Amino acid sequence: MAEGYVEYRGLKKSFGATPILHGIDLKIDEGAFVVLVGPSGCGKSTLLRMTAGLEGVTEGQIRIAGNVVNRVHASKRGIAMVFQSYALYPHMSVNENLAFSLKMRKAPLERITDAIKGAAGILQLSPLLERLPAQLSGGQRQRVAMGRALVREPAVFLFDEPLSNLDAKLRVEMRAEIKALHQRLATTTIYVTHDQIEAMTMADTVVVMHDGRIEQVGEPLAIYDRPENLFVADFLGSPAMNLLDGKVVATDFADQPRAVEVTDGVLLPIPSEAEAEVGQSVVYGIRPEHVQLVAPDAGEPVTMTLVEPAGWETHLHADLKGISLRILSVERVGAKPGDKAAILIDPERVHLFDRATGRRL
Amino acid sequence: MSLSAVRDEPAPTAAERVSDAARLTVPYLLVVPGLLFVLGVLGYAVAGGFWLSLHETDMFMAKTFVGLQNYIDVFNDPRFQSSLWRTIVFVIMSIVLGIMMSMIFALTLYHVGFGKRFFRGMSLVPYFVSGIAAAIMFRFVFTTSGGFVNQVLSVLGLHQPSWLGDPVLAFIVAVLANCWFMVPFATLILLGGLQTVDRDIYDAATIDGAGAVQTFFKITIPMIKPMLGVSLIWVSYISFSTFDIILALTAGGPQRATEVVSMYMYQLAFLQLDFGQGAVLMVVLLTFNTVLSLVYIYYFILADRRHGREL
Chain A
1 MAEGYVEYRG LKKSFGATPI LHGIDLKIDE GAFVVLVGPS GCGKSTLLRM
51 TAGLEGVTEG QIRIAGNVVN RVHASKRGIA MVFQSYALYP HMSVNENLAF
101 SLKMRKAPLE RITDAIKGAA GILQLSPLLE RLPAQLSGGQ RQRVAMGRAL
151 VREPAVFLFD EPLSNLDAKL RVEMRAEIKA LHQRLATTTI YVTHDQIEAM
201 TMADTVVVMH DGRIEQVGEP LAIYDRPENL FVADFLGSPA MNLLDGKVVA
251 TDFADQPRAV EVTDGVLLPI PSEAEAEVGQ SVVYGIRPEH VQLVAPDAGE
301 PVTMTLVEPA GWETHLHADL KGISLRILSV ERVGAKPGDK AAILIDPERV
351 HLFDRATGRR L
Chain B
1001 MSLSAVRDEP APTAAERVSD AARLTVPYLL VVPGLLFVLG VLGYAVAGGF
1051 WLSLHETDMF MAKTFVGLQN YIDVFNDPRF QSSLWRTIVF VIMSIVLGIM
1101 MSMIFALTLY HVGFGKRFFR GMSLVPYFVS GIAAAIMFRF VFTTSGGFVN
1151 QVLSVLGLHQ PSWLGDPVLA FIVAVLANCW FMVPFATLIL LGGLQTVDRD
1201 IYDAATIDGA GAVQTFFKIT IPMIKPMLGV SLIWVSYISF STFDIILALT
1251 AGGPQRATEV VSMYMYQLAF LQLDFGQGAV LMVVLLTFNT VLSLVYIYYF
1301 ILADRRHGRE L
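Protein chains in written order, with our numbering: chain A, 1 to 361; chain B, 1001 to 1311.
Treat the hints as calculated values from the structure; they're not laboratory data. The model shown is predicted, which means the values in this text are computed figures rather than measured ones. Virtual Cβ for every residue (Gly too), placed ideally from N, Cα, C. Watch out, some of these pointers could steer you wrong.
[Stated by the list, open to error] Only part of the chain A face toward chain B is listed, based on derived beta-carbon distances under 10 Å: (1) Ser75; (2) Lys103; (3) Arg105.
[Claimed, not checked] Rough simulated footprint, nothing fancy, chain A against chain B, three-plus residues with beta-carbon under 8 Å: (4) 1200 to 1214; (5) 1279 to 1285.
Looking at chain A on its own, in the form it has when it is part of the complex (with noise of 0.2 Å):
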């Protein structure tokens, strides 16, 4: 089987007697963008903190480029990292941040000049370099604090939540821009956030992690599409997929011959290729934008209970007999708490997952 350029072994780490992750195995190909997303406390910070060397290994190995570098000392294994906090040397010049790594490796004058002449023109720092880190906005920090990791030129860019401190705005910028950077470069790169949206629009690879353990890894729409469990389902996705507890039954529809009872008297559609049998507990998911809303009288009844317009789309609040069903639309929807209106659900757009197991079925 083929190489990853970072992978990890069976990798384990416990802090004390508490174990953090409890067996990692993954392969990073060569310049592949990867995001390990998760909840805090998933573990992916760690991960990553191990990759950098900054945290011991308990089991397992990690590789970067076929070696082991378990024992490697952090500032030989070829990696740079970004830290959310920026980590910018406070009382030195963005040059003399900069210039830091190099002049530690003690690398002639003339290789520093140049590397941080090359950086600082890549990320439009050159009208900063004598600044100091209290003068600079948190974009331009985040911009040195990258800068930094490009003087070092690393096999491998590790990236720790670093747009956590900015604003929305300037947070949507630094994506694109590290994105661009990244086409541009084509270091493979290791990404961890808590932001779904990072994970979706940044990612080669999304690495959902849950409890120290890899839920699940893929394409960020693949992943989006078709979940393979509950968390994964539950995790991404804004706003959150609907997950309704149910029972499969048999129905008299030859076309629809399964469907799922959410609550008395209501059956929701399911694909036909899903592997339920009558009587199974299941969790039935539906993302809001796959809620049709249509006139009352053309689908299952639903009465609106909170309208949440954002603009661009609507977000919508739904009873539907007692069950509460979030419903985004991208149209300007005029209803208003009270009203009634009618659901359909394309069964081709349903996720089911069985209850016991959280599993996709």
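We have chain A; now place chain B onto it with these hints.
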């Protein structure tokens, strides 16, 4: 729409005006008692001391104005000159040793994991012991016959010097006792400084390939510079003004080997009852302390690059 259309806010009522005025003045009023207290005690003493230094006093405290005569006399006094030099050496040795010890203790306490609170608490104990008590403890430790140090040396079969009888050794013991007293507080200040440094910065330095020594000198020291400045002020001030420790340890002896300015000031003012010349020495000590503190404040605190300020 004309501007006048928006000016419909009613004029503030009397009660609102009073409350606005109170909001502005109360903070200042609250500072006044503290300020008066400091000015009353410290300001009065300093001004009084300075006034006294311009007078000649007899044993009944009758004052005669003599202008700067006391200053001329003191600066020409060889005993003052040697006590001043001794003080400067004492202060330099205390600063070097004291700051080094404080830094080592602060770094140790910063990194200690097990029993962190216990060790941090214990490290402050010497600070709570009075200078006199500390000096008496040091006398027990360094007494020539039966002192702890000489007993250890005798067990090891080594020469047992007369610690407090030899001028050079007594001076060194005085420096040690002074450090023992002032290091805990300086340690606490430096520890506070170390704890403000974002751990990510150390991680970044590790990845950048900085070793322990480079990290200490290129990252830690510049990052805790303001705290280093504050502990330098503390250490210098205590060392310049040290009196009780030396009084109880050596009383300025042997052969005036430990007679620092504050000891001589005590000698002049309270034993020879020459308050005017004693006050001159107070002014000298105050000047040294103030100038040094200003230098520290300027170089270590005001010129802090972390806040985007450079000299």
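Hint check results:
no.: 1; hint: Ser75; result: 3 Å, holds
no.: 2; hint: Lys103; result: 9 Å, holds
no.: 3; hint: Arg105; result: 6 Å, holds
no.: 4; hint: 1200 to 1214; result: holds (count 11)
no.: 5; hint: 1279 to 1285; result: violated (count 0)
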